[in-house]
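Chain A is fixed; fit chains B, C, D, E and F onto it per the hints.
Protein sequences appear in the order of chains A, B, C, D, E and F. So that you can map any letter, position 44 of the first sequence is 350 in this note's numbering, and since no number is skipped, the others follow by simple counting. So that you can map any letter, position 2 of the second sequence is 308 in this note's numbering, and since no number is skipped, the others follow by simple counting. So that you can map any letter, position 33 of the third sequence is 339 in this note's numbering, and since no number is skipped, the others follow by simple counting. So that you can map any letter, position 76 of the fourth sequence is 382 in this note's numbering, and since no number is skipped, the others follow by simple counting. So that you can map any letter, position 28 of the fifth sequence is 334 in this note's numbering, and since no number is skipped, the others follow by simple counting. So that you can map any letter, position 36 of the sixth sequence is 342 in this note's numbering, and since no number is skipped, the others follow by simple counting.
Everything labelled a hint here was simulated from the structure, so no lab data went into it. These numbers were taken from a predicted model, which means no experiment stands behind them. Hints may be right or wrong, so weigh each one.
[What the hints assert, rightly or not] Here are some, though not all, of the chain B residues that point toward chain A, as calculated from beta-carbon distances under 8 Å:
#1 318
#2 365
#3 382
Cβ atoms here follow ideal geometry from the backbone N, Cα and C, with glycine treated the same way.
Number of protein chains: 6
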Amino acid sequence: MGNNEIWLESLITKTPQEGRELAIKMARKSIAAIQTNPEIRKSLRNDYASDTAQLIASANVIAIEFQTIALANNYWK
Amino acid sequence: MGNNEIWLESLITKTPQEGRELAIKMARKSIAAIQTNPEIRKSLRNDYASDTAQLIASANVIAIEFQTIALANNYWK
Amino acid sequence: MGNNEIWLESLITKTPQEGRELAIKMARKSIAAIQTNPEIRKSLRNDYASDTAQLIASANVIAIEFQTIALANNYWK
Amino acid sequence: MGNNEIWLESLITKTPQEGRELAIKMARKSIAAIQTNPEIRKSLRNDYASDTAQLIASANVIAIEFQTIALANNYWK
Amino acid sequence: MGNNEIWLESLITKTPQEGRELAIKMARKSIAAIQTNPEIRKSLRNDYASDTAQLIASANVIAIEFQTIALANNYWK
Amino acid sequence: MGNNEIWLESLITKTPQEGRELAIKMARKSIAAIQTNPEIRKSLRNDYASDTAQLIASANVIAIEFQTIALANNYWK
Chain A
307 MGNNEIWLES LITKTPQEGR ELAIKMARKS IAAIQTNPEI RKSLRNDYAS DTAQLIASAN
367 VIAIEFQTIA LANNYWK
Chain B
307 MGNNEIWLES LITKTPQEGR ELAIKMARKS IAAIQTNPEI RKSLRNDYAS DTAQLIASAN
367 VIAIEFQTIA LANNYWK
Chain C
307 MGNNEIWLES LITKTPQEGR ELAIKMARKS IAAIQTNPEI RKSLRNDYAS DTAQLIASAN
367 VIAIEFQTIA LANNYWK
Chain D
307 MGNNEIWLES LITKTPQEGR ELAIKMARKS IAAIQTNPEI RKSLRNDYAS DTAQLIASAN
367 VIAIEFQTIA LANNYWK
Chain E
307 MGNNEIWLES LITKTPQEGR ELAIKMARKS IAAIQTNPEI RKSLRNDYAS DTAQLIASAN
367 VIAIEFQTIA LANNYWK
Chain F
307 MGNNEIWLES LITKTPQEGR ELAIKMARKS IAAIQTNPEI RKSLRNDYAS DTAQLIASAN
367 VIAIEFQTIA LANNYWK
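Just chain A, with the same shape it has in the complex (with noise of 0.2 Å):
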């Protein structure tokens, strides 16, 4: 289906832990939806696993759709 492709059903999770793993994956599908070329991203993977800014930075962001996500599961109380 390529594009068209359902990967966020709902942000409800069972666990904080899978809240995590949504989270790395919104950050994940943001970057896929604007390098839309796999090979592209697998070649550009390096660049960022390798360098502590863009660690931190992608940290950032991890931290930022968690908040959201934490937020839907009134943070698993």
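Here is chains B, C, D, E and F on its own, set in the frame of chain A:
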């Protein structure tokens, strides 16, 4: 209608996935509001689509826009 | 009136689209508050309008301002 | 009184416009808290006032501070 | 268990200080999720620990994670 | 006590001004948690105190921490 085009009728979407798509659209429209020349935007596109730091910065914008959309939709509960 | 100009009477807008326009205005007014010389601002405009990293950073500011406006308007529900 | 000066008595302002002014003041005071030498701050001022990337980063700070102020004032409704 | 290790059982902590520690842990785990090789992470550590721009960017991530944790704990009131 | 020092007993402060001071302390403690050597931190201090981009990035962190503190204190109303 050019710059007067109405592109944001509502923050309400049917699904979380559509909420993601709206977040990406909002981020893109912000850039179009500043760089109003579509030819220049097109020529700039390669600059950020193959620069991981800029891809991550774009994902940061999408994450913030999605926070707003998710809250507006009461997390699609 | 110069710097004493009143440009923000209210956060309430009729539509989401007008909310976006206000968010862009708020971002611009912040920059004008720091760089108060309109001639210099004009000369700087090309610097960021053709630099994708700065366009994305601008979109980040607009996303944050819009969060505030959208909440003030109860998401135009 | 120097560093002990009380500059933030309240987050409440009469108008949204005054809320913007307080947001700018808060951003400036943060910088003054880290770079405590007013002479150095003055000499640094040109660095960011003519650097668009830094102007945009400053606008990002103002947007976050304003979120706090706007919520504190219940959006001046 | 490697990548399947459960490290986030709950967002609830006994004290604000423990909330800070959890925020730091969350930021670190995000980086570990992207750069999965612990040897490379170790070698990268000096890059950001002595680069003030990256230390500040790390503090930004911690501040966002802590917002989520503090709200989940109702500010430990 | 070193790293086990308790420095955050509560998010509650008597005044908004004290809330600002706590926000600055929280930002500093994040940096200290990553760069644990106080001698190196001292030597790095000049790096960011005279670099406007880093001063602005620091103000961004303080703004986020203050959001959390202000909400915890119900905006000192």
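*Looking at the structure, which of the earlier hints fail to hold?*
Hint check: 1 fails alone, others pass.
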